[in-house]
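Use these hints to put chain B onto chain Z, whose structure you have.
Heads up: the protein sequence lines correspond to chains Z and B, in order. Residues 0 to 464 (numbering that gives the first Met the number 0) make up the first sequence, in order. Residues 0 to 120 (numbering that gives the first Met the number 0) make up the second sequence, in order.
Calculated directly from the structure, the hints in this document are not laboratory data. Please note: incorrect hints may appear among the correct ones.
What the hints assert, rightly or not - Below, computed lysine-lysine pairings styled on BS3-like, alpha-carbon distance capped at 30 Å:
(1) Z:K116 to B:K55
(2) B:K64 to Z:K98
(3) Z:K71 to Z:K184
Said to hold, decoys possible - A partial selection of chain Z residues facing chain B, derived with a Cβ cut-off under 7 Å:
(4) K102
(5) I105
(6) I117
(7) G120
(8) I122
(9) I126
(10) Y379
(11) G382
Where is the CB? At the ideal position from N, CA and C, for every residue including glycine.
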Amino acid sequence: MSANKKAPSWAKLHEWFVGKAAMRDNDMANRVEPSGPQSIDLPLSSEPAHPQQASYQTFLENASRTMIRFKKPEHLIKMIVKTIDEQLKVTHTAVLLYKEDKKSYILIDSKGSEGLKIPIGFIRLGIDNPLISVFSEKQSYLISETGILRYEDLIVSLRNREILEKQSDLYDKILLIKRQMDLMKASICVPCYFKRDLLGILVLGEKISGEPFSREEMGFFMTLANNAAMAIANAQLIENLHQKVEEIKGLYLKEHRIFIHTAIALAAAIDARDPYTHGHTERVTNYSLAIARELEGLPEIAAYDNFKETLQIAALLHDIGKIGIPDRVLNKHNRLTPEEYEEIKKHSIIGSTILNPIKELRDVSREIRAHQECYDGSGYPDGLKGTSIPLIARIIGVADAFDAITTNRAYRKERSAEDAVQELKRCSGSQFDPVIVSAFLLAYEKGNILTNGKHKNFVDMDEGY
Amino acid sequence: MSKILVVDDECDICDFVKNFFQERGYEVFTASNGEDAIEVSKREKPGLILLDIKMKGMDGIAALKHLKEIDRKQKIIMVTALADQDKMDEAFRLGACGYITKPLMLDQLENTVERNFGVAI
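Bound-form chain Z, shown alone (with noise of 0.2 Å):
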């Protein structure tokens, strides 16, 4: 290790960055442990080679450790130009990374002790330029050996009277070549790849000394540019990452809300069809929210995947199969025959057997089947008895029981809610859980139980996943 500790080192560089980032994402999981010496200073000044290599090693080495911790590739850029600009003296340093949205190479950072200072976000080169396609069509026969597009030796190309006379073509290309490198007053350009795509390039201008980069220079930017590409490459997967999860959020979220509405259309379609039953539906969706809402944490809750979603879609669909009822059934307005009754009770077997085939809708199925069981297994269509009926169906045969004594029916008059609510006590333990029906009224005795007028929920369902 050299005495000469002028510009700050890569250590300390290292430590700063690794500071700013644990302070912005208070997350200690960030902290880098001290690794290695802490200070390496980066010995590129013209000295004897041997120790110098050794040196390149170890600041590489460190370099690619410190990389993979930045998570924007801004962060990374910043410091690889703060410390080229520190170390290397060179007149100016850019770096331009390649921008998906904008589809061309943007200027991400650039400094300059006594060239050019670009305002960053400020310039852009097109996929067309000729700067750009000299790397990304790898025409190796303008880029030295070590992968480096180097400005004297374009120049050497111009005087070269071979290509002037014989390849014309070549001689303008490397004219628009030299041109793009003017304007960015560059004396190198280290591209930067990963696997075979351009990320970006490091442009740098000439040292201020004058003198030309040596190739340890040169071999040790490749380097830096490839350990780059690669933590630059991780951070933007990171990236497109989260915006894909971010994508795929937005269309459940859109899915969802087509799939309830959908649903909300076909309870609307049943309720069209009896003009005695209007908003029936609703409402029980409604009254099976509320009692819901008082039975939380009720072990039987955790058994179900989405709980208050397959409610809520079993309340909006729990009488779609009447749509296989006949009118003259549905719609009689005296007492019905005990045939008529019999084929009124296959409503629930229907219902299921056309949500059946949905695979999603498996458990809506079961408890839509299921809803005109009773407690005391005196229900139908299987006598199901006490817990073996599913939750679900639990809780809108209580609603549904008290929108049809509070409704109109063909055969009979409504009846007051409070009539209803002694009802549903009368029948607690033989109909009707007594759990169901105890929640049931902690939820009546709140007031969320209402029998006209809208309740929230309805509305907005889709929401709050």
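Quick look at chain B alone, frame taken from chain Z:
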């Protein structure tokens, strides 16, 4: 010497464009708002004005109107961060002779300016 006036409320950008064209043999003036731009243009009578559309206070469009009222033949190139077609249409209607979009391409910047000086440089 050909005179250029650069109008932008970000002084980094003014400085950069000023250096860029000074090195190419132009005499460059800068202004950071519409009011300054009008004053400098009255005084220096630049051959070309590079005018940023989005500025605090008097924006580029308003400044364009005033500058054109002072000298109908004044050549003005609009610089805009966004491809705002409505603003561009309005600028052209008011007599702007070209536009450059940000982030800009240095070759395009150089070409646009040289073209407007009739390659006399």
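* Against the earlier hints, flag every one the structure doesn't satisfy and list their numbers going up. => Violated: hints 2, 4, 9, 10 and 11.
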